[in-house]
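**Q** Chain by chain, the residues:
Protein chains: 2
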Amino acid sequence: MSYSGYPSKLLENAVNEFASLPGIGRKTAFRLVMNLLKRDPEEVRRFGECVIRLHGDIHYCNICHSISDSETCSICSDEKRDRTLVCVVENIQDVMAIENTRQYRGVYHVLGGIISPVDGVGPSDLKIDTLEEKVKNGGVSEVILALSTTMEGDTTNFYLYRRLNKYNIFLTTLARGVAIGDELEYTDEITLGRAINNRNPYQQ
Amino acid sequence: MSYSGYPSKLLENAVNEFASLPGIGRKTAFRLVMNLLKRDPEEVRRFGECVIRLHGDIHYCNICHSISDSETCSICSDEKRDRTLVCVVENIQDVMAIENTRQYRGVYHVLGGIISPVDGVGPSDLKIDTLEEKVKNGGVSEVILALSTTMEGDTTNFYLYRRLNKYNIFLTTLARGVAIGDELEYTDEITLGRAINNRNPYQQ
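From first to last, the protein sequence lines are chains X and P. Residues in the first sequence are numbered consecutively from 0, following numbering that gives the first Met the number 0. Residues in the second sequence are numbered consecutively from 0, following numbering that gives the first Met the number 0.
Just so you know, the hints here were simulated from the structure itself, not pulled from any lab data. Hints should not be assumed to be uniformly reliable.
To be verified - Under the rule of at most 20 angstroms between Cα atoms (straight-line distance), these lysine-lysine pairs were calculated in the PhoX-like manner:
no., chain 1, residue 1, chain 2, residue 2
1, P, 37, X, 126
2, X, 79, X, 8
3, X, 8, X, 26
4, X, 37, X, 26
5, P, 37, P, 26
6, X, 37, P, 37
Said to hold, decoys possible - If the Cβ cut is set under 7 angstroms, some of the chain P residues that face chain X in the computed set are:
no., residue
7, 13
8, 47
9, 69
10, 111
11, 186
Since the structure is predicted, the reported quantities are computational estimates derived from the model, not experimental observations. Beta carbons: idealized from backbone N, C-alpha and C, even for Gly.
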């Protein structure tokens with residue numbers, strides 16, 4: 000069944016909008032719109048306003064570039080966070096992932112992507128200048144490069160290393176090794192090789 | 000990774016709204032919202048307004064109860080359609096499916112569901128009174144019961160039969176049989192049995 004010939008232009012427009020989202024086909028979009036149609040008008044209005052406010056009212060933190068409801072995000076304005084420790088991540092999903100571990104008490108710097116020549120993303124498309132500025136102005140003792148363990152991540156790490164190496168800071172990366180819960184048998188050889196080379200003293 | 004601790008309340012609200020849609024989990028909702036955030040503000044505003052207008056501006060046809068941009072839908076107000084032929088369907092998806100066949104020149108009547116005691120849907124929840132009214136007022140020669148071939152569909156068919164039987168109209172249902180393109184080997188026995196009993200003269 001093809002969904003041509005919608006009985007209503009408004010319906011068709013709404014289906015088109017939902018179908019423009021990644022991973023949502025026209026059939027799914029239609030199902031979502033029909034679900035909205037069955038709801039209370041008040042609920043649907045709230046849904047639409049939420050979407051509109053996304054762009055209108057959302058801020059990007061003027062220090063770390065993470066998403067925020069105010070000029071400066073809650074992490075950067077938290078007095079208890081260690082501002083000498085800056086964790087460089089690709090996007091806000093990564094900030095949330097690290098925050099969820101409750102292990103990190105420093106601040107973040109969100110690049111807004113990684114260097115990827117294939118996708119046409121170069122260093123100038125990322126928030127690298129403001130990172131260097133932060134480091135140059137002093138007050139930063141360690142920059143943790145917490146990017147993906149992909150070729151693009153490694154390229155970006157190397158580029159950042161070259162930009163930041165001249166300043167008097169520690170440059171660190173996340174520990175690589177066998178993930179907790181993983182069976183050795185199914186761990187890829189590169190990860191396992193690194194885990195052997197970077198072995199740690201046994202802790203009870 | 001659990002998506003607790005959103006850096007922004009606006010973001011969290013939008014994720015919650017998308018996650019309320021059927022088949023959309025929190026991770027997918029987050030991905031959809033992040034996609035919207037990366038777009039032009041104008042595009043996102045249009046998305047939101049489309050959703051809001053869904054309820055505010057959409058009409059239900061005052062004759063067949065299908066979705067419409069005006070008081071009467073384009074099918075019911077089409078002079079070329081045969082108004083003596085009324086096809087009873089569950090919802091507007093079914094109207095669209097039948098319209099896509101380009102085989103039907105009558106009009107529709109959208110029940111808005113089928114009788115389903117399990118889901119608490121009784122005859123009074125459906126647009127059955129207006130159907131009976133139409134038939135009673137005359138001008139209808141045939142009512143086609145085009146409901147799903149499920150237990151609920153059969154129940155609704157039987158209920159409609161009892162309500163409409165007393166009027167001077169033909170009551171018909173869709174032909175049941177082996178679907179075009181189906182292999183006999185994989186056709187269920189009930190469908191195949193009916194197809195044998197209701198066999199038609201061979202047409203070249």
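**Q** If a hint holds in the structure, say so; if it doesn't, say that too.
**A** Now for the hints, and whether the structure bears them out:
no.	hint	in the structure
1	P:37 / X:126	15 angstroms, holds
2	X:79 / X:8	53 angstroms, violated
3	X:8 / X:26	16 angstroms, holds
4	X:37 / X:26	17 angstroms, holds
5	P:37 / P:26	17 angstroms, holds
6	X:37 / P:37	29 angstroms, violated
7	13	5 angstroms, holds
8	47	4 angstroms, holds
9	69	9 angstroms, violated
10	111	10 angstroms, violated
11	186	20 angstroms, violated
The structure shown violates the earlier hints numbered 2, 6, 9, 10, 11.
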